[in-house]
Amino acid sequence: MSRALLGIGIVALAGLTVVLAPAHAHAADAAAVKVVVNQLATQYMCQCGCGLTLASCTHGVCGPRDRTLAEIRRMVEGGKTPAEITAALVAQYGEAVLAAPPRRGLNLLAWWGPYAALLAGAVTILLLGAAWTRRPGPQRAASPSALSPEQRQLLEEELKKFDA
Amino acid sequence: MSELGNLSIALAALVSAYGLVAALLGAGLRRADLQHSARNAVYAVFLLLSVASGILLYQALTRDFGNAYVASYSSRDLGFWYTVSVWWAGQAGSLLFWAWLLAGFGAVVVWRQAGYRELMPYIIATVMGVSVFFTLLLAVVSSPFARLAFAPPDGQGLNPLLQNPGMFFHPPTQYLGYVGFTIPFAFAIAAMATKRLDDEWIRATRRWTLASWFFLTLGVLFGMQWAYVELGWGGYWAWDPVENASLLPWLTGTAFLHSVMIQEKRDMLKVWNLVLIVLTFGLVIFGTFLTRSGVLSSVHSFALSSMGPLFFAFMAVILIVSFTLLALRLPWLKSAGDLDSLVSRESSFLFNNLILVGAAFSVFLGTIFPMISEAVRGVKISVGAPFFNQVNVPIGLALLLVMGLCPLLAWRKASLANLSRNFLFPGALGLLTAVGLIVAGLRQPVAVTAFALSAFVTATILLDFHRGAMVRRGHGEPYPLALGRLVLRNRRRYGGYIVHLGVILLFAGMAGSAFSSQQEAVLRPGQTVAINQYTLRYEGMSQYPTQSAMVTAATLTVFNGREPIAVMNPQRNIHRGHEEQPMTEVAIRSTMMEDLYVILAGIGDDGTANFKVIVNPLMMWMWIGGVLMSLGTVVAFWPERREALRARARYLVGAEA
Chain A
79 MSRALLGIGI VALAGLTVVL APAHAHAADA AAVKVVVNQL ATQYMCQCGC
129 GLTLASCTHG VCGPRDRTLA EIRRMVEGGK TPAEITAALV AQYGEAVLAA
179 PPRRGLNLLA WWGPYAALLA GAVTILLLGA AWTRRPGPQR AASPSALSPE
229 QRQLLEEELK KFDA
Chain B
1033 MSELGNLSIA LAALVSAYGL VAALLGAGLR RADLQHSARN AVYAVFLLLS
1083 VASGILLYQA LTRDFGNAYV ASYSSRDLGF WYTVSVWWAG QAGSLLFWAW
1133 LLAGFGAVVV WRQAGYRELM PYIIATVMGV SVFFTLLLAV VSSPFARLAF
1183 APPDGQGLNP LLQNPGMFFH PPTQYLGYVG FTIPFAFAIA AMATKRLDDE
1233 WIRATRRWTL ASWFFLTLGV LFGMQWAYVE LGWGGYWAWD PVENASLLPW
1283 LTGTAFLHSV MIQEKRDMLK VWNLVLIVLT FGLVIFGTFL TRSGVLSSVH
1333 SFALSSMGPL FFAFMAVILI VSFTLLALRL PWLKSAGDLD SLVSRESSFL
1383 FNNLILVGAA FSVFLGTIFP MISEAVRGVK ISVGAPFFNQ VNVPIGLALL
1433 LVMGLCPLLA WRKASLANLS RNFLFPGALG LLTAVGLIVA GLRQPVAVTA
1483 FALSAFVTAT ILLDFHRGAM VRRGHGEPYP LALGRLVLRN RRRYGGYIVH
1533 LGVILLFAGM AGSAFSSQQE AVLRPGQTVA INQYTLRYEG MSQYPTQSAM
1583 VTAATLTVFN GREPIAVMNP QRNIHRGHEE QPMTEVAIRS TMMEDLYVIL
1633 AGIGDDGTAN FKVIVNPLMM WMWIGGVLMS LGTVVAFWPE RREALRARAR
1683 YLVGAEA
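If you're matching them up, the sequences are chains A and B in order. Note that the working numbering has the first sequence beginning at 79, numbered continuously upward. Note that the working numbering has the second sequence beginning at 1033, numbered continuously upward.
Keep in mind that the hints were calculated from the coordinates and are not lab data. For glycine and all other residues, C-beta sits at the position ideal for the given N, C-alpha and C. Misleading hints may appear alongside valid ones.
[What the hints assert, rightly or not] So the derived list for chain A, only partly shown, Cβ under 7 Å to chain B, looks like this:
| # | residue |
| --- | --- |
| 1 | LEU130 |
| 2 | VAL139 |
| 3 | PRO142 |
| 4 | GLY199 |
[To be verified] Pair by pair, the computed Cβ-Cβ distance ranges are:
| # | chain 1 | residue 1 | chain 2 | residue 2 | range |
| --- | --- | --- | --- | --- | --- |
| 5 | B | LEU1360 | A | ALA195 | 24 to 32 Å |
| 6 | B | TRP1443 | A | VAL168 | 49 to 57 Å |
| 7 | B | GLY1558 | A | GLU162 | 36 to 44 Å |
| 8 | B | ARG1062 | A | LEU233 | 53 to 61 Å |
[Said to hold, decoys possible] Some chain B residues flagged as far from chain A (calculated, every beta-carbon gap over 12 Å):
| # | residue |
| --- | --- |
| 9 | ALA1171 |
| 10 | PRO1184 |
| 11 | LEU1229 |
| 12 | MET1293 |
| 13 | PHE1396 |
| 14 | GLY1416 |
| 15 | ARG1475 |
| 16 | GLN1565 |
| 17 | ASN1601 |
| 18 | ARG1621 |
| 19 | MET1652 |
| 20 | PHE1669 |
| 21 | TRP1670 |
All chains, full assembly: derive it from the sequences and hints.
Structure follows, in structure tokens:
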């Protein structure tokens, strides 16, 4: 009797699993889609004019945001890759839909300009610094406040203490 | 009343122009009477703009909706303090606020720093020149006293986004910071005009610079906090053009605060300091221009206007006049000092300046790049948060690194022994932190680097405090007293270090956002949503009217495991007069570890409610960092009588010579 009950239980459980499995898979898919959509929402600008991404549009009710998010969700569910979604949105709304300009052409100025400027600045500092450290010390020697070796020694010691 | 307001503004514009001319003529012709008259003009402008401001406030508080500005930004149901904030809520009012602050600061300089006699006429001329621009805008382009043909029974009310306590903190502190930088700029112009190009102008404006930086810092932080609690998307910084505009002068102003120390100590970087203060002031005007012109779309787009070209022209005048003057004075700006070594604290300051100005350039370029793209390619593009985060994060980390290196390096020349002794403990701590975090499972390289660098910098600063206190203890002082006196006797240095500790906490909070998590759920009463260790149960919805809005509030019980720990009430409010724009009021539960942030994203007709729940780690540390930054600035700002006397004595000796 108990074996029969166990058998029925196992069959029932197996049946339940078969029945519920698609629902679980569907829920898992929906969650995965949501994660991808949320991620993509940070990459595209909202078209309502707020100047922010879809993820951070500040309007409580925003038709353009909800429409674009729905389009993205449809495309994700349809199995499109992020690159395909980007291409579709750019075709529809223009390049301005991208929250970061694509890395090509003039846009490279925005992407690499700051680093080029920093590099140029660093080289300038190193060159100027080297020149300043090599500069002969007539100003220092001629300065009325020039120190004697003993005074310099004393100062060095005090400075060491101070730095410590 | 409005006529009197208009008259006050027109007179302020005229007197500003007179003050500018009288100051310049007084200096050129060496006429003491004209110089004296120019000084009085500053007081008069302040008085006239105080009258205009008083009238505007009176009209707002007495609900005089015949005044178009008052009708546009207030309503009968607006509370007292929000009605006061109408002063800076709109374009005309905020320009009046700007001009009034400027005249006030000018009056303080004329009154308190009258001893700088040779510089004063040019300081007045600069302040009055800026005042001419703003008062003319108020008189001709954007008057806060324009009248409507018929007074409506009620006003349109204040934009619901602005009805937040942040309205009393963010705009005033932002403007105090912006306007404050006019004074160091005016001293710099005066120093160039008079060829008094030693460090006196820097010493004379040190506290103005610090105060302006302090208020600008507060302005930026209050803005972040306001955005976090009000805008309802879970973040605090969206790289919006107007946010960027507030960051730009902060970055160059921070570079200036550091680089002036090199001029004071080593008589170097004279040209660079002048460039930095001109840039900082130029960026202040650029920030006001961006906020007020509406040239770039922004969350601050309630400030749309057509005065962009005028601001642009004014910016051009400032830069052309300043840099022409600078070019003419180059022969007088040769540095007397030398670098002893490239491995020294001086050179770390140079790199600190490079990174801060590089960051400013990066933010500036990103902000205006949509305009560049449209002008060059004819293609509209957007430059949003993903761009700024990618470009600026490495720059921010480099800044953090330099902040840690700086206190480790000795002035003039760091010896190998000095380096190895100072680097060992902080370097090891930074490395251990990185390894510990990786072992604990953290995989985001940026966050791991940020936390490791934060540990490194904290160690360098605390080591400096400890060593200083130990030296004093060697003279017989107990350790706590030694530590206290160390800070009090070297307020500038240790105040600066306290600011740095605040910056580290700020960075740690920002790095924490790499680990934020988010859940969205459509719930019926009784259903739950789980996120991390929290479970939120939706209990139901309630609706009630307030003085200015219809509030719809959800009630959620928050459980940590099985234990109920809080009840949260995110809201969705419809303000009267703004029915088309429902406002989300988020509910936030803050702890030292993380914020639980709940947004009521939507309400269904079928009794469901749509919630967005976010867990933001370490947010509290950002605000504590802000408090520390403010505290450190106050310590550094606190007057040291000896130093002030020394500066005055130097100035007088210089004047005699």
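Results for each hint:
For the restraint placing LEU130/A at the interface with chain B, the shortest Cβ-Cβ distance is roughly 5 Å, inside the 7 Å limit, so the hint holds. Checking VAL139/A against chain B: minimum C-beta separation of about 6 Å stays under 7 Å; hint holds. The restraint placing PRO142/A at the interface with chain B is violated, with a minimum CB-CB distance near 13 Å, outside the 7 Å limit. Satisfaction of the interface hint for GLY199/A is found here, the shortest Cβ-Cβ separation to chain B being roughly 4 Å, below the 7 Å cut-off.
The given range of 24 to 32 Å is respected by LEU1360/B and ALA195/A, whose C-beta atoms sit roughly 27 Å from each other. For TRP1443/B and VAL168/A, the Cβ-Cβ distance of about 54 Å falls inside the hinted range of 49 to 57 Å, so the restraint holds. Distance hint check: the CB atoms of GLY1558/B and GLU162/A are about 41 Å apart, consistent with the given range 36 to 44 Å. The supplied range of 53 to 61 Å is broken by ARG1062/B and LEU233/A, whose beta-carbon atoms lie about 43 Å from each other.
Listed as outside the interface, ALA1171/B is consistent with that label: its C-beta sits roughly 31 Å from the nearest C-beta of chain A, beyond the 12 Å cut-off. Against the 12 Å criterion, PRO1184/B stays outside the reach of chain A, whose nearest CB is about 26 Å from its own CB. Residue placement check: LEU1229/B keeps its beta carbon more than 12 Å from all beta carbons of chain A (closest about 16 Å). Distance check on MET1293/B: its Cβ is at least 15 Å (rounded) from any Cβ of chain A, clearing the 12 Å threshold; non-interface status holds.
A beta-carbon of chain A comes within 12 Å of the beta-carbon of PHE1396/B; the shortest separation is about 9 Å. Against chain A, the non-interface label of GLY1416/B is violated: not every CB pair exceeds 12 Å, the least being about 4 Å. Taking the minimum C-beta to C-beta distance to chain A, about 17 Å, the non-interface status of ARG1475/B holds against the 12 Å cut. At roughly 19 Å, the least C-beta separation between GLN1565/B and chain A is larger than 12 Å, which holds for a residue marked as non-interface.
With a minimum CB-CB distance of about 16 Å to chain A, ASN1601/B clears the 12 Å threshold, and the non-interface call stands. Taking the minimum C-beta to C-beta distance to chain A, about 21 Å, the non-interface status of ARG1621/B holds against the 12 Å cut. Every beta carbon of chain A lies more than 12 Å from that of MET1652/B, the smallest distance being close to 21 Å; the non-interface claim holds. No beta-carbon of chain A comes within 12 Å of the beta-carbon of PHE1669/B; the shortest separation is about 23 Å.
Separation of TRP1670/B from chain A is adequate, the least Cβ-Cβ distance of about 21 Å exceeding the 12 Å criterion.
Violation of the numbered hints given earlier is confined to hints 3, 8, 13 and 14; the remaining hints are satisfied by the structure.
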